[in-house]
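K.L.:
Chains as they are written, first to last, in the numbering used here: chain A, 533 to 670; chain B, 533 to 670.
Just so you know, the hints here were simulated from the structure itself, not pulled from any lab data. A hint or two may mislead.
Heads up, the list lumps identical chains together, so a pair's fine if it works in one copy or across two of them.
Subject to a maximum C-alpha distance of 25 angstroms in a straight line, what follows is the list of computed PhoX-like cross-link-like pairs (lysine-lysine) [claimed, not checked]:
# : residue 1 : residue 2
1 : K584      : K665
2 : K618      : K546
3 : K665      : K643
4 : K542      : K579
5 : K638      : K618
Residues per chain, in single letters:
Protein chains: 2
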Amino acid sequence: MNTYLFSDLKEGMKESFTKEITLEMEKAFREISGDENPLHQDDEYAKEAGYKKHVSFGLLTASLYSTLAGMYLPGKHSLIHSMEIKFIRPVFVGDVLTVSGVVAGKQEDMKLLRLKVQIVNQDGVCVSKADMKVLVLK
Amino acid sequence: MNTYLFSDLKEGMKESFTKEITLEMEKAFREISGDENPLHQDDEYAKEAGYKKHVSFGLLTASLYSTLAGMYLPGKHSLIHSMEIKFIRPVFVGDVLTVSGVVAGKQEDMKLLRLKVQIVNQDGVCVSKADMKVLVLK
Chain A
533 MNTYLFSDLK
543 EGMKESFTKE
553 ITLEMEKAFR
563 EISGDENPLH
573 QDDEYAKEAG
583 YKKHVSFGLL
593 TASLYSTLAG
603 MYLPGKHSLI
613 HSMEIKFIRP
623 VFVGDVLTVS
633 GVVAGKQEDM
643 KLLRLKVQIV
653 NQDGVCVSKA
663 DMKVLVLK
Chain B
533 MNTYLFSDLK
543 EGMKESFTKE
553 ITLEMEKAFR
563 EISGDENPLH
573 QDDEYAKEAG
583 YKKHVSFGLL
593 TASLYSTLAG
603 MYLPGKHSLI
613 HSMEIKFIRP
623 VFVGDVLTVS
633 GVVAGKQEDM
643 KLLRLKVQIV
653 NQDGVCVSKA
663 DMKVLVLK
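Build the full structure now, drawing on both the sequences and the hints.
P.N.:
Below is the structure:
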């Protein structure tokens, strides 16, 4: 886990990590959220809707933005303030996602870090983008 | 699960549900995301940072927005397109959260539903707000 202080962080600094989406992650997300929507679990239903199989939850993918902030950029002293997320392309079980973020700016008065983050799959396709504001506690 | 069609949905329609945040939900979110940040698990560390105990993950709270769209408004035919989330106040284990949403508008050409959503705790304090755009598949 990184431990960047607010004063350490400079525009252009980058971090990234990679994670595979599994059926177990989807099951756990379904239990946490209570979202039983069939598009996120029923392959036949999803095919009728035009997808190759069931589509992973957007907010499961977005949970990886929590990890980017809380573990990497800035790491330990992070608390997410706000975010704007776009879900661009569907994510499926077995996709290997690379989550990356770059420091886009700093708001000194509130110790807010502005990050531009994105998630790209194993085929190089961007599946999600977000702008995040993260409070840096130290 | 509601099954509203795009044509059924009118500005001002509302839905809500209530859910308690548990330690088990936090553990499951930590496993899914890989976010091991101490603020989200270590009460002593969180106290030093000025909180009464460890703070729940913002994106765990936000997972309830998935449920609002996927189960309630519009329900079955939902696919989240994009969202802007503000994390306003901390959430803790044991908090009983009421998640509510109202239809704020419709974009006919893309079958996009615009929702204003919020999460209020058992003390009536708003802990999170979001604007969501949801694709309605039918």
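K.L.:
Each hint should be assessed against the structure and marked as holding or not.
P.N.:
Evaluation of the provided hints:
no.	hint	in the structure
1	K584 x K665	between (34 angstroms within a copy, 23 angstroms between copies)
2	K618 x K546	both (20 angstroms within a copy, 24 angstroms between copies)
3	K665 x K643	within (10 angstroms within a copy, 30 angstroms between copies)
4	K542 x K579	neither (45 angstroms within a copy, 28 angstroms between copies)
5	K638 x K618	both (22 angstroms within a copy, 18 angstroms between copies)
Of the numbered hints listed earlier, the single one contradicted by the structure is hint 4.
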